[in-house]
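First residue of the sequence shown? That's 1 in my numbering, and the numbers climb one at a time after it.
Just so you know, these hints were derived from the structure itself, not from any lab. All values reported here derive from a predicted model rather than from experimental measurement. Built from N, CA and C at the ideal position, the CB exists for glycine as well. Treat the hints with care, since some could be wrong.
Calculated pairs, DSS-like style, for lysine-lysine (alpha carbon to alpha carbon, straight line, at most 25 Å) [said to hold, decoys possible]:
hint	residue 1	residue 2
1	Lys85	Lys146
2	Lys80	Lys107
3	Lys29	Lys226
4	Lys89	Lys29
5	Lys85	Lys107
6	Lys409	Lys286
7	Lys29	Lys80
8	Lys89	Lys286
9	Lys188	Lys146
10	Lys80	Lys409
11	Lys146	Lys29
12	Lys188	Lys107
13	Lys226	Lys80
14	Lys85	Lys226
Taking CB as the label site, the calculated pair distances span [as the list claims (entries may be wrong)]:
hint	residue 1	residue 2	range
15	Arg297	Gln96	32 to 42 Å
16	Glu162	Gly359	24 to 34 Å
17	Asp272	Ala416	17 to 27 Å
18	Asp358	Thr139	38 to 48 Å
19	Arg148	Asn423	27 to 37 Å
20	Arg148	Arg407	40 to 50 Å
21	Pro27	Glu350	31 to 41 Å
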Amino acid sequence: MQLTEIRQSPYWHDQIGAPPPLAADLPAKVDVLIVGSGYTGLSAALVTARAGRSTLVVDAEDPGFGCSTRNGGQISTSVKPSLEKLTEKFGAGRAQGIRAEGSNALKWIGDFVAAEGLDCDFRRVGRFHAAHTPQHYETLVRDAEKMRRQEGIESFAVPRSEQRAQLGTDTYFGGVVFSAHCSLHPGKFHRELLRLALDAGALVVGHCRVTHIARQGSGFRVETAKGSVEARDVIVATNGYTTALTPWLQRRVIPIGSYIIATEELPESTIDTLFPGDRIASDTCKVVYYYRASPDRRRVLFGGRVSASETTALAGATRIRQDMCRIFPELEGVALSHAWSGTVAYSFDELAHTGVYDGVHYAMGYCGSGVSMAPYLGMRAGQKVLGLAEGVTAFDGLPFPTRPLYRGKPWFLPAAVSWYRWNDQRQFERALRMG
Numbered sequence: 001m002q003l004t005e006i007r008q009s010p011y012w013h014d015q016i017g018a019p020p021p022l023a024a025d026l027p028a029k030v031d032v033l034i035v036g037s038g039y040t041g042l043s044a045a046l047v048t049a050r051a052g053r054s055t056l057v058v059d060a061e062d063p064g065f066g067c068s069t070r071n072g073g074q075i076s077t078s079v080k081p082s083l084e085k086l087t088e089k090f091g092a093g094r095a096q097g098i099r100a101e102g103s104n105a106l107k108w109i110g111d112f113v114a115a116e117g118l119d120c121d122f123r124r125v126g127r128f129h130a131a132h133t134p135q136h137y138e139t140l141v142r143d144a145e146k147m148r149r150q151e152g153i154e155s156f157a158v159p160r161s162e163q164r165a166q167l168g169t170d171t172y173f174g175g176v177v178f179s180a181h182c183s184l185h186p187g188k189f190h191r192e193l194l195r196l197a198l199d200a201g202a203l204v205v206g207h208c209r210v211t212h213i214a215r216q217g218s219g220f221r222v223e224t225a226k227g228s229v230e231a232r233d234v235i236v237a238t239n240g241y242t243t244a245l246t247p248w249l250q251r252r253v254i255p256i257g258s259y260i261i262a263t264e265e266l267p268e269s270t271i272d273t274l275f276p277g278d279r280i281a282s283d284t285c286k287v288v289y290y291y292r293a294s295p296d297r298r299r300v301l302f303g304g305r306v307s308a309s310e311t312t313a314l315a316g317a318t319r320i321r322q323d324m325c326r327i328f329p330e331l332e333g334v335a336l337s338h339a340w341s342g343t344v345a346y347s348f349d350e351l352a353h354t355g356v357y358d359g360v361h362y363a364m365g366y367c368g369s370g371v372s373m374a375p376y377l378g379m380r381a382g383q384k385v386l387g388l389a390e391g392v393t394a395f396d397g398l399p400f401p402t403r404p405l406y407r408g409k410p411w412f413l414p415a416a417v418s419w420y421r422w423n424d425q426r427q428f429e430r431a432l433r434m435g
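Work the whole structure out from these sequences, hints included.
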């Protein structure tokens, strides 16, 4: 198949149709103005609009243009640093609170989808987290046992001899299943959030780039491509698409491209072999891969970081397809239907961050685990604007670190990715030689 035949748009977009009618003009004044129309922004808008606050959501592109409709639809407990590492840094109580927010977000999204009756293919399928060396398997099992004991996170170990019951590959050396992890259709989930926000009375305006935010009296004056708006409160919800509009935030998030491919439709028997329990999957490589069957179990969706520097979706497709076929040799020769990318935001401490800076509310830095954390912290940001005590999270008040000379362009990323990829490959090849 020629690369030019691959659609350079997210597979998810094919199932959601045209967006609902949106406002074309801006009001002169609102209670709450939200910059960014992804999961974070729409979740915040839903809270403030339902509370009776006039709410405007603006986006530089179409609503949901960013990672909210480009991600892999995988939901975990979100918080990357271990309890042990967080305890060393913040003390036992704060560490427990931070880690608990990951579980809170996971529970919240399941409850939210059920309570609102959202049509987004939400399923509690469990994640198979695969070890790319025997040493990583031992570490995985040890860490999973510790998380079960200390945090109540459900999991069970799967040795290599039993691996195919969870994931149809012999590439890995066993893994751990995290039973509570979930999947959904990210495009449908975003469209449902948009519907809820509009039904609640929020205005959503696309192709309305914000060019300046300035304090004005007790509120703000926000300049956009479609005019200016006065707002009592402003929430910035731009995550991986944060720009010099908010330089303090831009210096604290690291934009990283993630690339995904979708195969052509496959026989049911192939999907049943590769994903027998419909698990979502990821692995212990530092340059991580994440993959799953599509919700209709007709395709494989495979994502990850493909190169040291950012590249095009088509160029990324070539590399990521090789990695997919290494894990699943059965897919050798299978054509691709879609290839796309999106930009996630990492933070220097690998934690999500939310708070207020210079009067502006923000939530961002989900470190590739934002499917539940982004709408959860968006909801909390909306509650903060309303002055509700439940809006406070364990992330509030944390230092939001940056680095000297960093201004939002991650010049250090190519070298780091190259090193991690080389080391992942070296570890894997050594493990294969040792049998």
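Outcome of range test on Cβ distance (aspartate 358, threonine 139; 38 to 48 Å)
At roughly 42 Å between Cβ atoms, threonine 139 and aspartate 358 fall inside 38 to 48 Å, so the hint holds.
Okay, arginine 148 versus asparagine 423 on CB: inside 27 to 37 Å?
Since arginine 148 and asparagine 423 have Cβ atoms about 29 Å apart, the given range 27 to 37 Å holds.
Lysine 89 paired with lysine 29 [C-alpha distance capped at 25 Å]:
The hint is violated at about 43 Å.
Between lysine 226 and lysine 80, is the straight-line Cα distance small enough, at 25 Å or below?
39 Å, violated
Need the status of pair lysine 80, lysine 409: alpha-carbon distance at most 25 Å?
23 Å, holds
Would you check the hint for lysine 146 and lysine 29, treating anything up to 25 Å between C-alpha atoms as holding?
It is violated: about 52 Å lies between the C-alpha atoms, which goes past 25 Å.
Take the C-alpha atoms of lysine 29 and lysine 226, compute the straight-line distance between them, and say whether it is at most 25 Å.
14 Å, holds
Please work out if lysine 85 and lysine 107 have their alpha carbons no farther apart than 25 Å.
With a Cα-Cα distance of about 24 Å, the restraint between lysine 85 and lysine 107 holds, given a limit of 25 Å.
The hint says 31 to 41 Å between proline 27 and glutamate 350; measuring C-beta to C-beta, is that right?
Between proline 27 and glutamate 350, where Cβ atoms are some 39 Å apart, the hint holds.
Please check whether arginine 297 and glutamine 96 have a Cβ separation lying inside 32 to 42 Å.
38 Å, holds
CB of glutamate 162 to CB of glycine 359, is that within 24 to 34 Å?
55 Å, violated
What's the verdict on lysine 85 and lysine 146, does the C-alpha distance respect the 25 Å limit or exceed it?
Measuring from Cα to Cα gives roughly 13 Å; hence the hint holds.
Comparing the model with each earlier hint shows violations of hints 4, 7, 9, 11, 13, 14, 16, 17; every other hint is respected.
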